[in-house]
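Top to bottom, those sequences are chains A and B.
Under the working numbering, the first residue of the first sequence carries the number 1, and numbering increases by one thereafter.
Under the working numbering, the first residue of the second sequence carries the number 1001, and numbering increases by one thereafter.
For the record, the hints were derived by calculation from the structure and aren't laboratory data.
Heads up, some of the hints might be wrong.
[Unchecked claim] Pairwise CB distance ranges, derived in the manner of DEER restraints: (1) A:397 to B:1028: 21 to 31 Å; (2) B:1029 to A:7: 30 to 40 Å; (3) B:1011 to A:490: 21 to 31 Å.
All C-beta atoms in this analysis are idealised placements derived from N, C-alpha and C, irrespective of residue type, glycine included.
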Amino acid sequence: MIPAFIVENSPALMVIVPLVAAFLSPFIGRISSMVRSIWVGGAMAVTSTIALILALDVYSAGTRLYVFGASAASAAVPPDSGGIPIRIIFEIDQMSALMLVITAISGFAIILYSLSSERSHTGLESFYTLYLLMITGILGMVSTGDIFNFFVFLEILSLASAGLIAYRVDGGVAVEAALKYFVLSTIGALAILVAIGIYYGQYNALNMAMIAARMQFSVLDQVALVLIIAALAMKCGAVPMHFWTPDAYSMAPSSITALLVVASQASLYGLFRTVFTLYNVTLNAATVGWLIIILGVLSMVVGVTMAIPQKNVKRLMAYHAVSQTGYMLLGVGVGLAVLGNQSLLDAFGYMAMEGGIFHIINHAMYKGLLFLTAGAIFLRVGTYNLNRMGGLGHSMKWTMVFFVIGALAIAGIPPFNGFASKLMIYESVFVFNPLLAVIAMVVSILTLASFVKVFHSIFMGPALPEYSGVREAPMPMLVGMGILAVVVILFGLFPGIVVESLITPAAHALVDQGAYIGAVLGGA
Amino acid sequence: MDATSTLLTGAGYWNPLAWLLGLLAAIIIAWLIYSMGEKGYKPGTAQAEPFISGNKEPEKGMVHVRAGNLYWGYLEALRGYYDRLVPLHSGNLHDYILWYLGITALFLVLVVIIS
C-alpha cells in the first residue's frame, strides 16, 4: 500500500522533507500567506506521516539501518574502511521509534495550532523556517547512529530554538531569554564536542555502535561521559542546571514552548542513549545511576516547589516541566543503577525504566497541551499574569476542558496517562528505595495543588467585566489542542496496550547494547 | 494483547476501564442521594443569594480570589526554604554558567576520581 521507495528511504526522507521545506518556506511565503500555511502544514503532515511509517516499520520488523551514500544497509562497514563504519548511519531501534512517534504527533498538532495562533504576527517567514529546522534537529538527534552527526543535529535544534525563543522580542526580554539559552547550549555543545574528540582520538570512530563495541571505560571515557551527561542534563532542564528553562519557556510563543518540551526530551534521549548504548555495563552503573536519580529527585522537588508561588502561568508550567523531567530521570536512573544485576533488573529495573520512558511520551502530550492552552488564553486576554485572570471558564469552555485534561494528567489523576506512568514509577522505585517513591508521590500532590490554583485563577469565579468580550480560541488552535487531548485520554484508558506495544520494546532496545552494535557491525 | 488494557506494574495492576466502572457506580450513588435531598430549592430567587452577615454582596469582579492570595499559609510555613531557593534563580547568566560548570566539576570528581 505504501510505496516501497518511501518505506526504504523513510529515515532520510523524514529529515530531508522538513529541511527542504524550511528553506523554501520564505520563498513560498512571498506568493501569499495562505500558500505558505498550506506549504508548512503540508510539509509537517508529510514529515509526521513518514516518521510514523518508519516507527511502525521498526516496531514490526526490528531495528532499521540507513547508510547514507551506500547502496544498501548491509554496506554499513565498507570493505576498504579497516572495519570501521565511516559513513553517516541512521540507526532506528524501538527507543528511537518511540521518540519519532512523540515528535510526529506533537509536531503536527503544534503546527496546526501555530497556523492560527501566529497568523497576526510579522516575521512568519522566519518562524516557520525555524520551526521546521527544530523538527529536523529533533528527528535527526533521535535517529542518528553517528555521534558527530548527533552533535550537528543538536546544534541545528539549538540555533533554531534560540531564534524562536527570541521571536516575540517583547521589549528585549525574549531576546535575553534566548541569549541565556543560546550561551548555555553552546557551552554544553562544546563539552559534547570535546567528548566526541575523546572518543575519536581513542577509538578512531564516530559511529556509536563502533564506539560502544570498543568502549574501555578508561579515564578519558569517564571524562567524556561526564561531559555528555552534564551537557544533556542541562539541555533537558535537570536541577540545578535548569535555570534557563523558566526564562526560555515563558518567553517563547506557546506553540514553540510546546515544541521545546519535545526538544528537551530529545536531549534526554541522548543522555539515555549515551549511558545505555555507548557505555552500558562498562560504566560504574551504581554511581552514574545514583547521579541521575539525584538529578531526578532534585528536579522533581525544586521544580514543583518553585512552580507553586509563580504568578506567570507559563513560568509556572515551565517549572512543572522541570519537575516532570525529574520523574523520567528517576525511573530510568533506577534502571541504570541496577543495570549490572539481571535479577534486580528483572524484578523492578525494567519496570522503572518503562515507567520513565512511558512518562516521556505522556509528558510530551499533556505538557504540550497545557502550554497550548496557555497560548490560547494569552491570545484572548493578552496576559500570562494569573493575578489578572478569572472567570474565563464562562467564555472559553473548550480551552478549559483541554486544560483540565492536561492538569489532571500532569498531577497523576486517573484515568489519564500521567497516572499510569507515575504508578509504574512509584511501585518499581519503591522496591529500590521507598523514600524515593514517597518523594515522587508528594511531588504529585504538590503538582495537583499547583494546578488547582491555576485552574481556579484562570477559569473559576464570576465572569470579569474586563474580559466580557472574550471568545473561545479559534478552531485550528482547538483542533491542535484536541489532538493532544485525545492522545492523553487514549493513553490513559489503554495503558496496557501502549506499554506492551511501544514502551516495553523501547526499554529493552535501550538496554540491549549487543543488538544495537550487532545491527551495524554484525556482518562485519 | 489484553483488550481491557490491564497494566501490570510489577507489584500490582491498574485497569482504567474497571476504575471508570467504579467511578460510574459512585456517581450513580451520589446522584441517588442528591435526588433524595431538599426539593424546595428555587434557583434565581432570593433564596439563592449569598448571605454575608447582612452586608451587601460586592461586585462580581471583586469576589474572585486572585492567584496571589492562594497558598499564602503554605508559602509562609516554608518561608525559610523559599528565602534560600528563590534567590538562586537570579536571572543572571553568569550564575547559570557557574552552576553548569560546577555540576560538571562535581560529576568529574564523583565519577572519575572517587568511583
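Verification of the hints:
1. A:397 to B:1028: 21 to 31 Å: holds (25 Å)
2. B:1029 to A:7: 30 to 40 Å: violated (53 Å)
3. B:1011 to A:490: 21 to 31 Å: About 25 Å separates the Cβ atoms of residue 1011 of chain B and residue 490 of chain A, which means 21 to 31 Å holds.
Of the hints listed earlier, the one the structure fails to meet is number 2.
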